[in-house]
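Following the hints, put chain B in place on chain A, whose structure we already have.
If you're matching them up, the sequences are chains A and B in order.
Under the working numbering, the first residue of the first sequence is numbered 47, with each subsequent residue one higher.
Under the working numbering, the first residue of the second sequence is numbered 6, with each subsequent residue one higher.
Bear in mind the hints are in silico, worked out from the structure with no lab data behind them.
Computed from a predicted model, the values in this text were never measured in an experiment.
Where is the CB? At the ideal position from N, CA and C, for every residue including glycine.
Among the hints, erroneous ones may be present.
As the list claims (entries may be wrong) - In silico contact screen, one side only, chain B against chain A (beta carbon under 10 Å); selected entries: (1) GLN78; (2) ALA238; (3) LYS252.
Claimed, not checked - Which stretches of chain A does chain B cover? Using the computed rule of at least three CB atoms under 8 Å from a CB of chain B, they are: (4) 89 to 98; (5) 121 to 128; (6) 166 to 174.
Unchecked claim - Here are some of the chain A residues that sit facing chain B, going by a computed Cβ distance under 7 Å: (7) LEU82; (8) GLU142; (9) PRO143.
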Amino acid sequence: MSALPAESAGAATVAAVVIGGSAGALEVLRPMLAALPPAISVPIVIVVHLPERSQHQLAAVLNHGSAVAVKQAEDKEPIRAGQVYVAPPAYHLLMEPSLTFALSLDDPVHYSRPAIDVLFESALDVYGDRLLAILLSGASEDGAAGLQEVHAAGGITIVQAPHSAAVAIMPRAALALFRPTHTWSPADLAAGLPQLLSLPTECRSPP
Amino acid sequence: MRPGVTELEIRLLLEAVYQTYHYDFRHYAPASMKRRLLQAMTYMHCDSLSALQAKILHDRSVFPQLLEYLTIQVSELFRDPEFFLALRRQVLPMLATYPSLKIWIAGCSTGEEAYSFAILLAEEGLLDRTLIYATDINDQSLRRAQAGVYALDRLRQFTLNHRAAGGRGSLSDYYHAAHDAAVMVPQLRRRITFADHSLATDNTFSEVQLISCRNVLIYFDHELRDRALNLFAEALCPRGFLCLGSKESVRFSALAPRFRELCAAERIYRRID
Numbered sequence: 047m048s049a050l051p052a053e054s055a056g057a058a059t060v061a062a063v064v065i066g067g068s069a070g071a072l073e074v075l076r077p078m079l080a081a082l083p084p085a086i087s088v089p090i091v092i093v094v095h096l097p098e099r100s101q102h103q104l105a106a107v108l109n110h111g112s113a114v115a116v117k118q119a120e121d122k123e124p125i126r127a128g129q130v131y132v133a134p135p136a137y138h139l140l141m142e143p144s145l146t147f148a149l150s151l152d153d154p155v156h157y158s159r160p161a162i163d164v165l166f167e168s169a170l171d172v173y174g175d176r177l178l179a180i181l182l183s184g185a186s187e188d189g190a191a192g193l194q195e196v197h198a199a200g201g202i203t204i205v206q207a208p209h210s211a212a213v214a215i216m217p218r219a220a221l222a223l224f225r226p227t228h229t230w231s232p233a234d235l236a237a238g239l240p241q242l243l244s245l246p247t248e249c250r251s252p253p
Numbered sequence: 006m007r008p009g010v011t012e013l014e015i016r017l018l019l020e021a022v023y024q025t026y027h028y029d030f031r032h033y034a035p036a037s038m039k040r041r042l043l044q045a046m047t048y049m050h051c052d053s054l055s056a057l058q059a060k061i062l063h064d065r066s067v068f069p070q071l072l073e074y075l076t077i078q079v080s081e082l083f084r085d086p087e088f089f090l091a092l093r094r095q096v097l098p099m100l101a102t103y104p105s106l107k108i109w110i111a112g113c114s115t116g117e118e119a120y121s122f123a124i125l126l127a128e129e130g131l132l133d134r135t136l137i138y139a140t141d142i143n144d145q146s147l148r149r150a151q152a153g154v155y156a157l158d159r160l161r162q163f164t165l166n167h168r169a170a171g172g173r174g175s176l177s178d179y180y181h182a183a184h185d186a187a188v189m190v191p192q193l194r195r196r197i198t199f200a201d202h203s204l205a206t207d208n209t210f211s212e213v214q215l216i217s218c219r220n221v222l223i224y225f226d227h228e229l230r231d232r233a234l235n236l237f238a239e240a241l242c243p244r245g246f247l248c249l250g251s252k253e254s255v256r257f258s259a260l261a262p263r264f265r266e267l268c269a270a271e272r273i274y275r276r277i278d
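The following block holds chain A by itself, in its conformation from the complex (with noise of 0.2 Å):
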């Protein structure tokens, strides 16, 4: 959108978030929802792996203590700055040009539907590098493919450390293939996003 010079330190302005984890993510993810401001100027997108029945209650579950809106994200629907979206059970979450979202029954990636990767790729190619995507603690591979695209292609990037991970295959996988911009534990990332939101831009108003 905007073709103006990039802020001295030479990043982007963020214009969406996306996060992905399975076990072990959503203690961490509580904590940081609930962390941030009620007004926030971009979409967040959540992809978190959790048996079926468990990923129809997860947008209740976010919402709770989280003063931004969490919700389910629905195919077409526009996305929304301000706004905290999850996938819905059993599809793939894909962001779209037309700036809404799209579903899909396609193959499970990583034996998982929702898939990080599938989202992030999708964000990536409409978000390019201010987009902003977080890959948590977790107990598979997917994510770490897609977030190294986010990174090559000038986003930023936040890896949960490993250390601080309850399983730390999906931060490890992630850290085997680049350096990402973070590597944050739970309270770094509670405290680390809404300042990395809070970039100054010539077209938002002040908190």
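Chain B in isolation, oriented as in the chain A frame:
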């Protein structure tokens, strides 16, 4: 890392497919389309999408392979059993008031949905007065649907689904086991017409009382989804039924006012006038 593919390459390839083979994927949802094309590219040993385009332009025999990647839909008999249970309880009693019935399964893939409807109708005593039109754009899928042969190892799931859908008898009443496959009985197939039809380029062909088009519209962009919903509104008789996939809806569509929810949880709608 995914191989680099530009939007232009995708547009050109889909245009080439349309011009050469008359399959119109130009209004499919771009994000899923890109994933499927990347997959096809890898498995068809092409280094770039342009190379894949050249291949399908110069060798007609490889196009069906690409078509498989672009259309493949995995289904089951009685997929989402709660949906079929809702049909059985809420919709079929109303359909039973019609002297004859026509049902359209749009995007029938390899036939599972059509046979599920046929079994459901048979169990409720309505199959003899029903014609089921089951349409798809993929000839290969249609041939498999027409054959009605499913691998035996899928039958366990089918049977569980059928039971959860309120199945009255045994599912085995509706197929013959042969070697490692189950063949749907002719009494079902006799009531189903499998035919080539594209929601992107064709028009309506008959008035029907019910349309089932589940997990097809998620692959369409807004424009094509609206085209399909418009076809459905035209094809349905007044107060006819429209069934969508469990995560699909008429929301965010210009056609939403043509339908009202009958059973929100199972995405069953009725046409309103």
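Hints the structure fails to honour: 2, 4 and 7
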